[in-house]
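Participant: Following the hints, complete the assembly by docking chain B with the ligands onto the known chain A.
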Amino acid sequence: MTRKLKASAVCPHCWHRFRPDETLWVAAHPELLGDRLLSAEDPVRFLPSRFTPAGEAIDPAGSRTRRLACPNCHLEVPQLVLERPMVIMSLAGSPSSGKSYFLSSAMWKLREDLARHFSVAFTDTDPGMNRAITANEARLFLNEDQTASVAIDKTELEGAQYNSVQFDPGVATLLAHPFIFTVRPSRDHVNGHAPERLTQLFTLYDNAGEHFFPGADTARAPGTQHLAKAQVLMFVFDPTQDVRFRQRLQGVSGDPQLAAGAKTTRQDQLIVEMARRVRVHAGLAPQERIPKPLFVILSKSDIWAPLLRDEEGQPMDISTPPYARERAGLGKMSIKRVDRVSERIRSLLVEVAPEVVAAAEDAFERVIFIPVSAIGTSPQLDPASGLLKVPVARISPRWVTVPFIYTLARWSTHLVASDKGEGDASFGRPGDSAELDPALT
Amino acid sequence: MALELVYTSAERGLRPGTSGFCTVAMTRGLPPALVPRLEALGGYRPGPTGDGPVAFSFWRVETAAGIAHVLSVVGPAPPDHTARTNKIATYAVLGPDELSAAGPAWMIAQGGFLRRSWKGAPAWIESPVRAPQAADPGPAECMAWKSACGDAGWAGVAASSFLRDQSKPVHVVYAAGTDPLPLVDEVIRLLPDWARWRATFSTYFLQPVAGTPCALRFCLEGTPAADAARQSKGLLLDLTRPMGEAPDSRHVRMARTGRDAEAVAARPAPTKPKPAAAADPRSIELEPIDAPAASRRPVPLLDAVDKTEDFLPAEDSSPRPWMYAAVAAGVTLLVLVVASIIVAVQSQASSGGSDAPPAADGAGPPPVRQAPPAAFGEAAPTKAFEIEGASGPKPGAAEVPPDMVPPGMGAPEEAPPPADGAAQDEASKPAGVTAASDADERARTAGPGAGALPARVPATAPTDAPTDAPTDAPADAPALPAGAGEPSIAAPAPVAVPQVPASVIAMRASIGAVALRSDALAMPKGAVGVRLVPSASLAAAGACTPGGESLAFGSSDLRAVIASEGSSRFVHGVAKGAVPGALATALGAAAPTPEQALRAALERCALEYVDAAGRPVARAQFRTPASSAITVGTGSVQVPSRATEPITVAVWGPEGEPSVRRVAAGERVEMASSGAGAPVLVADRTIAQGAMLVSAKANAGASAQRTSEVSTEVAALGGLVRACKALQGPRADASRTRNEDLATVQEALTDEERATLKLAPKAEGLAQTVELGALRPLLPAIEARAQQRIDQLMPELSAASAGARASARAPASWRVRAFDADGVMVLDSVARPAKGGAR
Ligand SMILES: Nc1nc2c(ncn2[C@@H]2O[C@H](COP(=O)(O)OP(=O)(O)OP(=O)(O)O)[C@@H](O)[C@H]2O)c(=O)[nH]1
Ligand SMILES: [Mg+2]
Ligand SMILES: [Zn+2]
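Protein sequence lines correspond, in order, to chains A and B. Counting from 1, one number per residue, gives the positions in the first sequence under my numbering. Counting from 1001, one number per residue, gives the positions in the second sequence under my numbering.
Source of the hints: derived by calculation from the structure; they are not laboratory data. Any given hint could turn out to be false.
What the hints assert, rightly or not - Cβ pair distances, simulated, as ranges:
1. B:K1762 - A:P256: 53 to 59 Å
2. A:R116 - B:G1111: 56 to 62 Å
3. A:P306 - B:A1123: 39 to 45 Å
4. B:Q1133 - A:E22: 50 to 56 Å
5. A:P195 - B:P1777: 31 to 37 Å
6. B:A1123 - A:R36: 38 to 44 Å
7. B:P1777 - A:T320: 37 to 43 Å
8. B:K1762 - A:P195: 17 to 23 Å
9. B:E1245 - A:R116: 56 to 62 Å
10. A:E365 - B:S1798: 53 to 59 Å
11. B:R1015 - A:R327: 54 to 60 Å
12. B:K1758 - A:A148: 51 to 57 Å
13. A:E22 - B:A1121: 47 to 53 Å
Said to hold, decoys possible - Heads up, simulated DSSO-like pairs for lysine-lysine below, C-alpha to C-alpha not over 30 Å straight-line:
14. B:K1762 - A:K336
15. A:K332 - B:K1725
16. A:K229 - A:K336
To be verified - If you want the ones that stay clear, here's a sample from chain A, every Cβ over 10 Å from chain B, calculated:
17. K6
18. R111
19. V243
20. G283
21. S319
22. P321
23. S342
24. E351
Even glycine gets a Cβ: it sits at the ideal position worked out from N, Cα and C.
Looking at chain A on its own, in the form it has when it is part of the complex (with noise of 0.2 Å):
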């Protein structure tokens, strides 16, 4: 089988832009260990210059070997970077506003809803480089104790969620492992026949909140540098770190998160310096909008729901998924749904904490605001460990899955229908969905 090549790629791990012809390969052999840029165990990854006729490389040393690195920062990408379009999205937000339980919630079930709905399938692209993500989903959605209260650990700035890479001989930068995943119609989608075609990837990191405090962009761990080169940034804010939706959930919700004493974050500030570190990595004027949409994600709606109103001033149903089948092989997205909701929780948002709505659409093109909640419960305060913990049986995700799927329908082509409409003719475009990859094009 030929495969078609971009005729460039991004890395996942540096976001070093490279052509095909200058990926390297990862040598086989067993003796080939001591990669420059690596450990001493790592392989050496070297620019091949014989190959078998199966496609295969053959190392220095004789072995044959298919396994491609990266030819900046020497670490590991699977051949479908290579070939097919890659969505980088961004997710930032202070330390405990939920990112980790949001993304471990939302993969778990975009691999369901993605296939129930849409007969697409949503696969790990490389099932090692997901372990960190696919362990946290087993323990909250496949514990097999059913009475069990498990927790996800607060994300680490250093250690196992990083590759370490010597680009300064002696000096470990921290690359976070970035979590790929394949989206392929399935046999049954109405464009089952051409999947190769509309098969593109997504790419995730889960950062510690910590990397988007003003000063933490260092060159040590350039951590969020993917901001810069996202096609979708998503800002998790968290109503339970403002102090005003604090004060008017008292009585609203007994989470233990509302508890008093309970640190508080000014989240627009991270709105600024990710606007910020976008434009500087990119290379945008500091005054100039960032022309990609950003998703501004309200982290455990299980708590704030109650608040939110529609014009009406009826509760808004922000649980069931605004999404369905549309026939055999297709499943449509609601778009103006969902748009309806982001316009509610502006709303909101301008009554409760205008700041975080200016740092925003100051910033961004376009702004969507979606609620989520990544467990559909409050968490409970573990006696023995002192830890907040969610218990299992409890546990159903909500609109978790609504940033990617959107996304999908609205950038993304012949895999998700949409009830897009005409209208908001600045949005939407073509030129949107180009911009998804510059390299698709």
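Facilitator: Below, chain B with the ligands alone, put in the same frame as chain A:
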């Protein structure tokens, strides 16, 4: 005095604005550049049972100012202010006068030295702490090892493995309940005092951090690190499985008895060892970066140097056949002589296996190192490492036997006693212990016959290459058969002579070493010898090949020699001194280094395998020809070429005789291969200055490719017609295939039709769907259009398939080669039809 840093998740950090994981306390004066370096070492993850062990570690952190000796403790901490998991990491950066002779593990075990918690607000620590000190306790009986695995001797195995090569980690897997710190301490006590502060370790190793080595890695059973340890190539001591007895050696005896008998014998009056750092007269904070620091990037393929050192006669650096034998034995062949070029062409006779070189023979005595070379870079090199005209870093810095490196930057005369028995340890490895990948281990498994070149790829020999079993070539045939006479200088390459693939396997420009090797599996049939043939341009530049056995350029110091050992042939080059002007001119290089010049010259040579009559039966070359396949009808392959000289192109049809054409500079030549269905090859030198573009186009008329294209299109059109019919049928709405039919028709809509349906142009590729009602009026026109195209295609299809049948016996691909004016093959490719037809 030691400087501290405490890192954990807290509501507020020391640096304003920080929160979450951050530094909460630090000694004033800790170099800011060290802070991120320390923080990066604190990755933590609880153990398999959820509650984690504490990781005690010793690191050598290399900074611009030198090496920092860092002790650290990382362990779980009570939940943070967000009621989530937390950890606390404490680091102590030791001063140069604090490297107690008792070693890092002893120091870390002293209670109270390293903090295990931090309470209250973030704060600066005003005064450095004093690191505990103790005199050298000397080796002791390794009781912790004895109780952990039954034999104290295993500590000695770990110690000697570390001494043998500090850059190769030692992995120890232990079960929950075992306290690893005493195990580490016992190993370190077995080390000579100068090595103790080189023995980086972690008692709860999780993952490597690039650039910060960890030599003794204790991995908890059940963690991913333990799994990785079991996959690793170095020494693995698995305390969770029965270990048996450690093989006897000096360090093993030391571990069992607590006494170093040899040392006592060798040094009747041992001087009181001083603290390692005391050897360093400078009073800087950090130890300067020394030789092992430079070894952080082990050079691939070079790790056999201490092996080759064993082969090298100290008094002579010129190549000898048995050196090539060592190479043949699978020992990677670089760096025999520094700043030299080694070219090897090897082919294996079926008789292989019996000619293992003595030094590489597993049955032979374990290699014993020559007299210890003094510290690298400082001392005068011994003859074996003589460096002549070398540029770039000194070779072998990565491979200096660690036990020969004195402490600090100690002067050579301080070198510790050599050969401490490390070699013995590995001479008899028991089962159950994964052997370190050290030199004699490699030599044992390597041999010219078996396993020497693992995973060898079957030669993708050209169709005309002999595939028969090899040869009756005498194993030790001379380079030239008797009576073959002087080889003809610069004979143009006979296009049809089979090629033995040869290729660059490694190159290290910085030390000027190049290795080339052939991938031939068998000695070409009938070949009894090999000769080196320079190209015409080299001959004109003064190359001579006395006896066909070597290549020289007048009296210059650029030389290459063929040597033979058994059925293998190698070319070994030495490059030093000035590059003759004529050669530089011929190579078209302005001022090549000797290495570059020799390498380029060798790329213009061929190795000819000759039969008893001196006729070439096969050849090998060191230039890698372009080899991308040429797909008929699409794209082209670029063949780099010198601007003015002609290129000879040959294409093979099924009959076996190639069509051969000369393509002059600026010319474009079309050549048809014989046989039905063969493509027309286009060699075009009119487009690119320094390259010839080779493409292939389908021979006009019938071709299998066209057949499949046409039939694919006809099939698709047929489907469209069926869909239109079905959708116009009376029961269209209830049809089971309705959705598929709709999709088929929608796919075929023109942009005008899409516009009438208010669909976006197809190029935008939006996932829009259309209702049958709206589509219905368009269906007759679409159907008619499709039918018309089918009628158009049918005659072509029948003609094409007739042609395809005729060419069914033609080969599926056509070999294409090109040779430059020197007879060097510059293209070795196949032209083949595009698969599956065009879009
Ligand atoms: N009520 C409620 N609590 C949630 C939800 N999702 C997460 N949480 C809680 O929010 C806290 C933080 O979640 P994490 O996902 O670890 O936060 P994070 O953004 O990854 O934080 P860092 O890793 O420190 O950057 C946890 O204690 C969770 O119990 C939710 O949907 N509802
Ligand atoms: Mg997290
Ligand atoms: Zn990269």
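Participant: Take the hints in turn and mark each one as holding or not.
Facilitator: Hints versus structure:
| no. | hint | in the structure |
| --- | --- | --- |
| 1 | B:K1762 - A:P256: 53 to 59 Å | holds (54 Å) |
| 2 | A:R116 - B:G1111: 56 to 62 Å | holds (58 Å) |
| 3 | A:P306 - B:A1123: 39 to 45 Å | holds (43 Å) |
| 4 | B:Q1133 - A:E22: 50 to 56 Å | holds (54 Å) |
| 5 | A:P195 - B:P1777: 31 to 37 Å | holds (32 Å) |
| 6 | B:A1123 - A:R36: 38 to 44 Å | holds (41 Å) |
| 7 | B:P1777 - A:T320: 37 to 43 Å | holds (38 Å) |
| 8 | B:K1762 - A:P195: 17 to 23 Å | holds (19 Å) |
| 9 | B:E1245 - A:R116: 56 to 62 Å | holds (60 Å) |
| 10 | A:E365 - B:S1798: 53 to 59 Å | holds (58 Å) |
| 11 | B:R1015 - A:R327: 54 to 60 Å | holds (57 Å) |
| 12 | B:K1758 - A:A148: 51 to 57 Å | holds (53 Å) |
| 13 | A:E22 - B:A1121: 47 to 53 Å | holds (51 Å) |
| 14 | B:K1762 - A:K336 | holds (23 Å) |
| 15 | A:K332 - B:K1725 | holds (28 Å) |
| 16 | A:K229 - A:K336 | holds (28 Å) |
| 17 | K6 | holds (16 Å) |
| 18 | R111 | holds (20 Å) |
| 19 | V243 | holds (15 Å) |
| 20 | G283 | holds (26 Å) |
| 21 | S319 | holds (25 Å) |
| 22 | P321 | holds (18 Å) |
| 23 | S342 | holds (21 Å) |
| 24 | E351 | holds (27 Å) |
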